[in-house]
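Peer 1: Residues per chain are reported as follows:
Number of protein chains: 2
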Amino acid sequence: MEFKVIQECKSSKARLGEIKTPHGQFETPVFMPVGTQGAVKAVSSEDLVEMGIKILLANTYHLYLRPGCGTIEKCGGLHRFINWKGPILTDSGGFQVYSLAKLRTISDEGVTFQSHLDGSRHFIGPKEAMEIQQVLGSDIVMALDECAPYPADYEYVLKSVKLTSLWAKRCVEHKKDHHQALFGIVQGGMYSDLREMSAKDLTEFCFDGYALGGLSVGEDRDTRERVVSETRRFLPDDKPIYLMGVGKPEDLVRAVSLGVDMFDCVLPTRNARNGTLFTHRGQLVIKNACHTEDDRPIDEKCGCYTCSHYSRAYLRHLFMAKELLAYRLNTIHNLYYYNQLMDDIRCAIREGRLADFRNNFFRLQQEKD
Amino acid sequence: MEFKVIQECKSSKARLGEIKTPHGQFETPVFMPVGTQGAVKAVSSEDLVEMGIKILLANTYHLYLRPGCGTIEKCGGLHRFINWKGPILTDSGGFQVYSLAKLRTISDEGVTFQSHLDGSRHFIGPKEAMEIQQVLGSDIVMALDECAPYPADYEYVLKSVKLTSLWAKRCVEHKKDHHQALFGIVQGGMYSDLREMSAKDLTEFCFDGYALGGLSVGEDRDTRERVVSETRRFLPDDKPIYLMGVGKPEDLVRAVSLGVDMFDCVLPTRNARNGTLFTHRGQLVIKNACHTEDDRPIDEKCGCYTCSHYSRAYLRHLFMAKELLAYRLNTIHNLYYYNQLMDDIRCAIREGRLADFRNNFFRLQQEKD
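So the protein lines, in turn, are chains A and B.
Per this note's numbering, the first sequence starts with residue 1, numbered consecutively.
Per this note's numbering, the second sequence starts with residue 1001, numbered consecutively.
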């Protein structure tokens, strides 16, 4: 993997970058849609290509449990299995082990857990995390980390940071495929000195990129932005920075200015299925009665497939009638919105007008429809 | 609407025809996918166009209740509302009133019923059926009929036939839009003489086409084919014949030879959502364990989007994981299969080899995968 900074913003830490992977290149800042179980919920890979999406995230924990590495290996790897020719980033499986699996036991060696699907017992350590992601064949793989709960006391988070550093070292040692880029994950909860410790530990291993983990776990926005901002100072400028699990459109706009290059979040896809749609003037709840006979698209400034072909009235009807098409059309719109937002941000950085873009973005978000 | 017979089969009553409507033309025999609530479940109108589908069926009962005629009228009619530029056939609403609605009261004037959605009271008579379908703006509208239950005794069915004839006359009188074609529906249950009576009554009104209603309601195949065959003799050869609600691929192949030109059925779409897929060698149940690591497409002879891009292993995984994409990909395959089957039938009639086609079709359906 190659990362290159193309343009730096003068008024903030934002930068326009480019990442090259074995499955193609993309520009940063970038938002990665989440393909939890080998599919971005409700849409096909062709839909994603048409939206202009360049890189997907897939969840190692889910794919490891179902359909299992054997199936994906026999079908020629994850790219071929899911029919996605572009870059894929896989997480380590750690986060889902902590949030979904049952009866977890953590030791220095790794995590023993029971599947949330059938209660079967499994073990994932740093070596296994690397091996599974090698079978998946993703372009960017994540080191196994321990994600402390929130809130957690200082002693717990200190131990968690130390374990994450130990596992990070082992992941570096166990990664065999030189085509795959490996990112380390900085932990440390909301404690400034632990974030510093974690960042300094990890940078010693010269990862291809650095992720900020353990955020968007219930803390308020100011706290999160403080942690991002403080931690960012201890991370190298020549590597991509990935803020995991964030977030709302306004969170992305703000985090870019703190020097974040990559994002992922289930919000656009999950909200789509709940009927909450993003527009340049804020959110729109499609089931609201005011849309019953509204012949306009969701967002008149949007160029997505949904807005080009369907009215709010029809989308509301589909949603009220629980038609499956509703989930796809809504998802196409929301992901297109996110992708376009990142495109606009990159364009603004390139043209040296990010501050103006940001002011305009927040002003429009307040406007009534 | 214009109907033209292009080619007649020498060994059966099958014929190749062409229907011209204000929204385009299509060849018969044709299968019409069912867009119950203004959407063919799980797919978009663009998907349907890509499959080569030319005409859709939409359900008046469902659309009348939700979103309601007012909404569809304000959004420019059904074609524009659902983004479908091709021909649409709407049913009269009668069948759903009998099968879904509650507390029905039938009189010579029409049917009073309660909505299955919210219990609200409604009335649909011949005049209302014509008015609603005029607002929808469909290309082919159906006369209001009374569909007798099965089994039903002779006296009941006799009354039902007489009522259907009375309503047919009133539908003809109340239809105002001369761009819309109007089809009558022959009833008469499984009684040969009542079918004859119904067919003779209806042909007096010179409908643009004739449907066979009240079939595929629980009778065995031999009975259904006897009724189709007997009734067909009393219907004009210069009008399209539509067998409502039928059916399986083998039913279509057989009914074409009895002189049927048009079909609709929820089977391909419903089966798709249940994971039962049609192939040229019979049905395939995608959840079966034998498909777990099967890298082949559903049907190696199929040219659909799903078969061109995805393996059985992936489709099984999506289905087991209840991913919404499963329903769309399966639906695309099944509808493509039906559409291709009708295409093959038309080609065989054109080339004077329908008997061979039929023998080959049934031989392959028996073969193991």
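Be aware that one or more of the hints could be misleading.
[What the hints assert, rightly or not] With a Cα cut of at most 20 Å, we get these calculated EDC-like pairs of lysine to aspartate or glutamate:
#1 Lys169(A) with Asp208(A)
#2 Lys1004(B) with Asp1295(B)
#3 Lys1322(B) with Glu230(A)
#4 Lys13(A) with Asp295(A)
#5 Lys1004(B) with Glu1300(B)
#6 Lys74(A) with Glu225(A)
#7 Lys74(A) with Glu1300(B)
#8 Lys322(A) with Asp1118(B)
#9 Lys1074(B) with Asp177(A)
#10 Lys1041(B) with Glu225(A)
#11 Lys1248(B) with Asp1343(B)
#12 Lys1074(B) with Asp208(A)
#13 Lys1176(B) with Glu1109(B)
#14 Lys1322(B) with Asp118(A)
#15 Lys74(A) with Glu1128(B)
#16 Lys322(A) with Asp1047(B)
#17 Lys1074(B) with Asp295(A)
#18 Lys162(A) with Asp118(A)
#19 Lys287(A) with Asp1343(B)
#20 Lys1020(B) with Asp1208(B)
[Stated by the list, open to error] Here are some, though not all, of the chain A residues that point toward chain B, as calculated from beta-carbon distances under 10 Å:
#21 Val5
#22 Glu8
#23 Cys9
#24 Lys10
#25 Ser11
#26 Arg66
#27 Gly70
#28 Lys74
#29 Ile82
#30 Gly86
#31 Leu324
Calculated directly from the structure, the hints in this document are not laboratory data.
This one's a predicted model, so the numbers in the text were calculated from it and none came from an experiment.
C-beta: ideal position from N, C-alpha, C; glycine also.
Peer 1: Which numbered hints turn out to be false for this structure?
Peer 2: As far as the earlier hints go, 2, 3, 4, 5, 6, 9, 10, 12, 15, 18, 19, 21, 22, 23, 24, 25 and 30 are violated by this structure, in ascending order.
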